[in-house]
Amino acid sequence: MRTIRLMFRQARLELRAFWRNPAAAFFTVVFPLLFMVVANVALGPSSGGQQQAAEFYTPAIIAFALVTACYTNLAMGVVVARDAGILKRLRGTPLPTWIYLWGRIATSVIVAGVMVAIVAGYGALAYGVYLPGEHLLALAVTLVVGAASFSALGLAISGLVPNAAAAPAVVNATILPLLLISNVLVRIDDGALADIAGIFPVRHLADALSRAYDPAAPAQGFALDSLAIVGAWGVAGLVIALVTFSWQPRR
Amino acid sequence: MPTPDPSTPDQRLTGKAIEVHGLRMAYGKLEVLRGVDLEVEAGMVFCLVGPNGAGKTTTIEVLEGYRQRTAGDVSVLGADPSRGGRGLRDRIGILLQDGGVEPYLTVREVVDATRGYYRRPLPAAELLDIVGLSDQAKVRVRRLSAGQRRRLELALALAGDPELVFLDEPTTGFDPHARLAAWDAIRRLTARGTTVVLTTNVMDEAQALADRVAIIVAGRIVAHGTPLDVVGARGPGSAIRFRLPEGGPALPPELTRMIASSRDDVLELRTVEPAALVNTLSAWALQNGLPLHDLVVAPRSLEDAYLELTAAAAASAPGDEVATA
Chain A
1 MRTIRLMFRQ ARLELRAFWR NPAAAFFTVV FPLLFMVVAN VALGPSSGGQ QQAAEFYTPA
61 IIAFALVTAC YTNLAMGVVV ARDAGILKRL RGTPLPTWIY LWGRIATSVI VAGVMVAIVA
121 GYGALAYGVY LPGEHLLALA VTLVVGAASF SALGLAISGL VPNAAAAPAV VNATILPLLL
181 ISNVLVRIDD GALADIAGIF PVRHLADALS RAYDPAAPAQ GFALDSLAIV GAWGVAGLVI
241 ALVTFSWQPR R
Chain B
252 MPTPDPSTPD QRLTGKAIEV HGLRMAYGKL EVLRGVDLEV EAGMVFCLVG PNGAGKTTTI
312 EVLEGYRQRT AGDVSVLGAD PSRGGRGLRD RIGILLQDGG VEPYLTVREV VDATRGYYRR
372 PLPAAELLDI VGLSDQAKVR VRRLSAGQRR RLELALALAG DPELVFLDEP TTGFDPHARL
432 AAWDAIRRLT ARGTTVVLTT NVMDEAQALA DRVAIIVAGR IVAHGTPLDV VGARGPGSAI
492 RFRLPEGGPA LPPELTRMIA SSRDDVLELR TVEPAALVNT LSAWALQNGL PLHDLVVAPR
552 SLEDAYLELT AAAAASAPGD EVATA
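So the sequences go chain by chain: A and B. With our numbering applied, the first sequence covers 1 to 251. With our numbering applied, the second sequence covers 252 to 576.
Mixed in with the good hints there might be a few duds.
[What the hints assert, rightly or not] DEER-style ranges, computed between Cβ atoms: (1) G329(B) - A236(A): 50 to 56 Å; (2) F26(A) - E270(B): 34 to 40 Å; (3) G336(B) - P22(A): 54 to 60 Å; (4) L242(A) - A549(B): 54 to 60 Å; (5) R250(A) - G336(B): 52 to 58 Å; (6) T3(A) - L479(B): 47 to 53 Å; (7) V547(B) - A164(A): 25 to 31 Å.
[As the list claims (entries may be wrong)] Selected chain A positions facing chain B (in silico; Cβ < 10 Å): (8) R9; (9) L13; (10) A17; (11) K88; (12) L125; (13) G128; (14) Y130; (15) L131; (16) W247; (17) R250.
In short, the hints are calculated from the structure, not lab data. C-beta atoms are modelled at their ideal positions from N, C-alpha and C, and glycine is treated no differently.
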């Protein structure tokens with residue numbers, strides 16, 4: 001009972017700190033939404049019609065928002081807290097490690113959830129994009145696997161970043177190229193870049209989301225092969241995170 | 252913390268909150284601690300002083316469980332801090348030298364969150380009162396001044412009503428008022444029976460607060476005991492200072508022999524028999540109609556002893572690297 005109360009409080013605390021941090025809130029929430037509007041309005045006419053563009057971009061921006069909230073935001077937040085000595089102070093209290101990490105991950109997942117609802121709602125209302133009612137289970141499972149995996153990867157990269165000054169460079173260098181070649185910001189279905197993207201989890205998250213969003217997709221919208229690859233990356237991330245995570249600033 | 256039972260004072264006095272024997276710490280070939288022995292009795296204020304880089308923070312962080320020692324026996328509240336885990340951390344409080352607080356939360360939110368981590372927390376209002384931040388409860392941490400933030404960290408260290416609290420340079424960056432307020436807060440802790448271990452390089456602070464002092468230089472304890480013991484270890488003595496205007500009558504030879512220093516028209520005499528010296532001095536002054544402005548009779552200070560001891564220790568160990576802790 002005490003543990004559950006502690007989990008609830010820690011998640012609420014981290015969520016509160018997140019919304020009050022203007023930089024984190026902007027890059028995690030406003031930026032993907034801005035990109036969604038611009039992509040739909042500016043790129044729509046040139047990529048075969050507004051409706052078709054929105055059908056591509058709605059699941060793609062959901063993937064983008066999830067990766068930003070779980071990977072980028074989590075990694076940056078943990079590195080900044082570590083550098084500021086916040087983690088070191090918490091380490092000296094009886095707060096269990098896993099409850100601290102739970103609070104961080106829960107915040108990322110809740111933010112990602114809000115983003116998904118906004119993006120899906122916008123696509124449906126503004127462009128009549130299909131809302132995956134029959135594929136709701138596939139969508140939910142994909143979101144959960146994606147959020148868990150990218151959170152684990154965010155923790156893993158935070159352990160490899162030397163300090164807060166290096167965090168934006170390292171985190172963005174690892175994720176922006178993948179977002180560019182993984183059918184998220186731009187559509188690249190074939191060729192060498194698509195093959196490279198196929199190794200990494202972003203492309204598979206985008207594929208799984210667009211499968212759930214395709215009303216004609218078989219298997220209730222599940223893309224099990226893609227989910228397996230995303231999950232495998234998540235497990236690898238968790239292992240790296242457990243090895244490299246540190247409480248103290250690295251100087 | 253059980254209330255101290257006045258009928259069994261001996262039991263509390265003999266209890267050891269901390270025992271350290273032969274503590275060594277090396278980073279590769281660099282030896283930061285070279286065999287530290289310490290004992291801290293329950294309910295006392297223990298003060299570890301030393302120059303920057305002497306090993307104060309390293310010692311404290313071994314006791315807090317942040318660092319794995321290279322060798323030696325360490326017991327904190329009966330537990331090994333490197334394996335003490337949650338149970339031990341529930342009973343101790345830690346004010347780090349380089350700790351941080353979530354900048355976007357308010358003082359009250361951080362205090363309440365931290366209280367939630369402990370089994371028997373102190374009330375939030377009491378914590379804020381102890382450190383004098385009651386009026387800042389709704390202020391976000393990033394808006395606090397440096398001194399206020401340090402006081403908040405002190406409140407967080409006390410949130411779990413610890414039996415033992417570690418304060419690593421608690422008053423760094425404080426103005427004189429804030430420093431006095433912090434000293435007052437620390438004295439209030441000891442009144443509750445809390446054991447306090449603090450590091451400082453401000454000797455006034457050690458002199459004002461400490462029941463026991465240990466001086467660490469280059470990873471070794473070079474003196475320990477009560478502040479008076481430490482001062483006395485370098486020979487007993489009192490300092491007598493007064494103003495002697497130029498052109499006045501000359502001091503008699505039995506007083507001139509005692510002059511330790513003179514700056515402008517202020518003379519400082521040292522003696523092991525202050526009563527006799529004061530008697531001779533005042534007889535001579537009255538005879539010559541001198542008021543002896545600014546006359547002071549003072550014990551040699553901890554700062555005097557500290558400066559002598561650290562200089563002696565540095566001189567006796569040439570070539571020793573003083574590592575940054």
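For the hint on R250(A), does the least C-beta distance to chain B fall short of 10 Å? Because about 12 Å separates R250(A) from the closest Cβ in chain B, which is outside the 10 Å limit, the hint is violated.
Hey, does the R9(A) contact hint survive, CB to chain B under 10 Å? holds (5 Å)
Regarding L242(A) and A549(B), is the given constraint of 54 to 60 Å on their beta-carbon distance met? holds (59 Å)
Is 25 to 31 Å a correct range for the gap between the Cβ atoms of V547(B) and A164(A)? violated (51 Å)
Is the distance from the Cβ of F26(A) to the Cβ of E270(B) consistent with 34 to 40 Å? violated (53 Å)
If I claimed the Cβ atoms of R250(A) and G336(B) lie 52 to 58 Å apart, would that claim hold in this structure? Hint violated: Cβ distance 24 Å, outside 52 to 58 Å.
Does the beta carbon distance between G336(B) and P22(A) stay inside 54 to 60 Å, or does it fall outside? violated (38 Å)
Taking the least C-beta to C-beta distance, is K88(A) closer than 10 Å to chain B? Nearest chain B Cβ about 6 Å off; hint holds.
Hinted contact L13(A) with chain B - closest CB pair below 10 Å: Check passed: Cβ of L13(A) comes within 5 Å of chain B, closer than 10 Å.
How about L125(A): closest beta carbon in chain B under 10 Å, or not? Not OK, violated: L125(A) not within 10 Å of chain B, min 33 Å.
Restraint satisfaction for W247(A) [CB to CB of chain B, less than 10 Å]: holds (8 Å)
Mind checking the hinted window 47 to 53 Å against the Cβ distance between T3(A) and L479(B)? holds (50 Å)
Checked against the numbered hints given earlier, this structure breaks hints 1, 2, 3, 5, 7, 12, 13, 14, 15 and 17; the rest are met.
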